[in-house]
Amino acid sequence: MKKKLDQYQKMLMVIIIIYSVFVALKNPQFLKVQTVFDIIKTSSTTMIVAFGLLVVMISGGIDVSFMAIALFGSYTSLYTMIKTGINNLAFAFALSAFIGVCLGLINALLINWLKLPPFIITLGTQNLFHGIMTTFISDKSFGSGVLPTCLHQFGQGTLFKIYTENGSAGLTVSLIPVLIAGILTYLILYKTMLGRGIVAIGNNEESARRAGFNPFIIRLFVYGYSGALAGMMGIVYAAQVNALYPNKMVGDELMIVAAVVIGGTKITGGQGKIFGSVLGVLIIYLLNSTLILIGLSSSWNNLFVGAILVIAVAVTSYQERVKNRNHLIFTE
Amino acid sequence: MKKRLLSVVLSIAMLSTLFAGCSSKTATEASSQAASTGTASTVSTGSKSADPADYKVVMIVKQSDSWFDDMATGIEQLKKDTGLNVSVQVPEVGDAASQISIMEDLIAQNVDAICVVPNDPAALVPTIEKARKAGIVVVTHEAPGTADNVDLDVEAFANEAFGELFAKNLAKAMGGKGKYAGFVGGLTMETHMAWYKAAVNYIKKNYPDMQNVADEPYEDGNSVEGAHDKALEVLKAYPDIAGFFDCSAQGGGICEALQENGKAKTVKVVSLALPSMSSTYLKNGSMSHGLCWRPADAGYAACYAAYLIASGQGVANGTDLKATGYDNIELKGHIGYGNAPLEFTASNINDYNF
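Same order as they appear, the protein sequences are chains A and B.
If you count the first sequence from 1, position 17 lands on 17 in the numbering used here, and the numbers rise without skipping.
Take the position in the second sequence, starting the count at 1, then add 1000; the result is the number in the numbering used here.
Bound-form chain A, shown alone:
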């Protein structure tokens, strides 16, 4: 991550701090280590796919099929494990991520071949993947009793625990895949030529092509990468809820798109920060998980997220305009 936070990320931090102080004043129960642990745990799945989506959005694309990919990958690999009796966590992650890569590549191939907006393509494949899974694999739900035991151990696993007079709280193991995904994304975006290519085609595909980047290869990579992270996330999700459903996750994509956009990613591509996305996800989960503490009903959550989303988009576009004027570019 960059050493200096930009203006925009500072603004997000301020929002988080002000809101936290407000909640803490309303209900001191908020000021506990457990709060941090809970938010880390509940936001871990979203975090993983947000990194994948960030990379796709920086490249100028969008992916709304990643939840279907996560479901397809995790359901298929866990279903295989239930049927064959394999009980190995690494196998689950590997198979699910592999399926994710394959489905992501299908997205990239379709986008490249049909030359249609990625939104339409991935909206289609979202339904397509989900349909293929429920039609040809299975559409049954599986309870914790039949799931591989390694999964539950992972879902309930903690890095360390603190004990209080009132039960215990632990830092979830799910933090490890989140960190892996975050560091990997950082290395790819900032330390490789591929990362420069991703930003380049997001800014202007034609210029990138002339500079010697191959948009097709880059596109294959970003959608495959998004698929791989989605596959991993599916396993983390199934481990946390300790059950396997054929119809969960799909439908929650836009909340993650919102988180990434709140994090300062430009929807037209070419710009986006990892730490910004982390803050975006944190804001959404912070709002979501404190309503009971301050005694508001769940409908307030939508109101807050909606308001912050609109403000975030307005601020990014305003900053863009100011920057453009400073560089004497007049677009409007």
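The set of hints was computed from the structure by calculation and includes no laboratory data.
By construction, the Cβ of each residue, glycine as well, lies at the ideal position given by its N, Cα and C atoms.
Be aware that a few hints might be false.
[Unchecked claim] Each pair of labels, with its calculated beta carbon distance range: (1) B:1262 to A:320: 45 to 51 Å; (2) B:1081 to A:120: 50 to 56 Å; (3) A:120 to B:1126: 32 to 38 Å; (4) A:105 to B:1330: 55 to 61 Å; (5) A:105 to B:1109: 42 to 48 Å.
[To be verified] Keeping only pairs whose Cα atoms sit at most 30 Å apart, straight-line, the calculated DSBU-like set for lysine-lysine is: (6) B:1172 to B:1265; (7) B:1332 to B:1056; (8) B:1204 to B:1265; (9) B:1204 to A:26; (10) A:161 to B:1283; (11) B:1080 to A:140; (12) B:1283 to A:83; (13) A:161 to B:1265; (14) B:1283 to A:140; (15) B:1177 to A:32; (16) B:1177 to B:1265; (17) B:1263 to A:161; (18) B:1168 to B:1179; (19) B:1197 to B:1172; (20) B:1168 to B:1265; (21) B:1056 to B:1079; (22) A:26 to B:1263; (23) B:1177 to A:26.
Please arrange chain B on chain A, whose structure you already have, making use of the hints.
For chain B alone, kept in the frame of chain A given last:
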């Protein structure tokens, strides 16, 4: 050349739709004929004997899952017991549209009775009316709201009684005192809210030492994840909470949250539950009671009721529908209430596999 090929293809396509249109028209004509002869035959039902084998009853379930698989076994049993010509239709997707198209087919086939567990009761009403106009008996399950449009709606229990069962089991598990919270799938879900209100009222009346932490139920959005996240919050906001009840079948999420916080032994959970999804929690003690009703028995009772009505024997107060818990139907308007709640604990959970 290409254009010519295209025009040929297009005209073939147009021709074929024309033919398709004709053939479908003849099909509807045939079906309307069938329907009209159908009315005639039901008018003469009186002369038809009461032999169950003469009656064709079809059950349309919501979708394919373990719940309705169990319902199908109950209906299979009914076929064996009585010889009734009964079968099950499973829509490919769980929505009203696919149930409507199956119903349309059955109306065309002129069956004697249709039983349906509607995905969206109100959306089915026009088709139900069409079927009844064609002389077909329609029996629903889990649709008390549209009971006036059908011959009979079979319910496993009165909602108040089931709600009180949540309260009784929770009070017993908590020893009659302490703070508790209630969850529903969503504030707009009629049955969940009816159970929630009945439970809260019962506790208020009979267990003055128990306090509900909120005036309204928390929403888990019918997802385990939702139940888990909300439970974590409630645990933080009310560290001294001693019990939860969940009117949607997601109590497992609450149990997971309790296990994470090392509170599974001290905080009690009573939840609507499917045996297959909750056996682990009942066995490890994090869930003290699961509540439910048996889909096999409900399917059995609904189809048997459909046969009784179609054969002119009718269903009245106290009619025995031959299934456990439905042996003494309480008829209110068009709704027949059984008394068939199913309670699971760690000791009997292995007897059920739906």
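Violated constraints from the hint list, given by number and in increasing order: Per hint list: zero violations.
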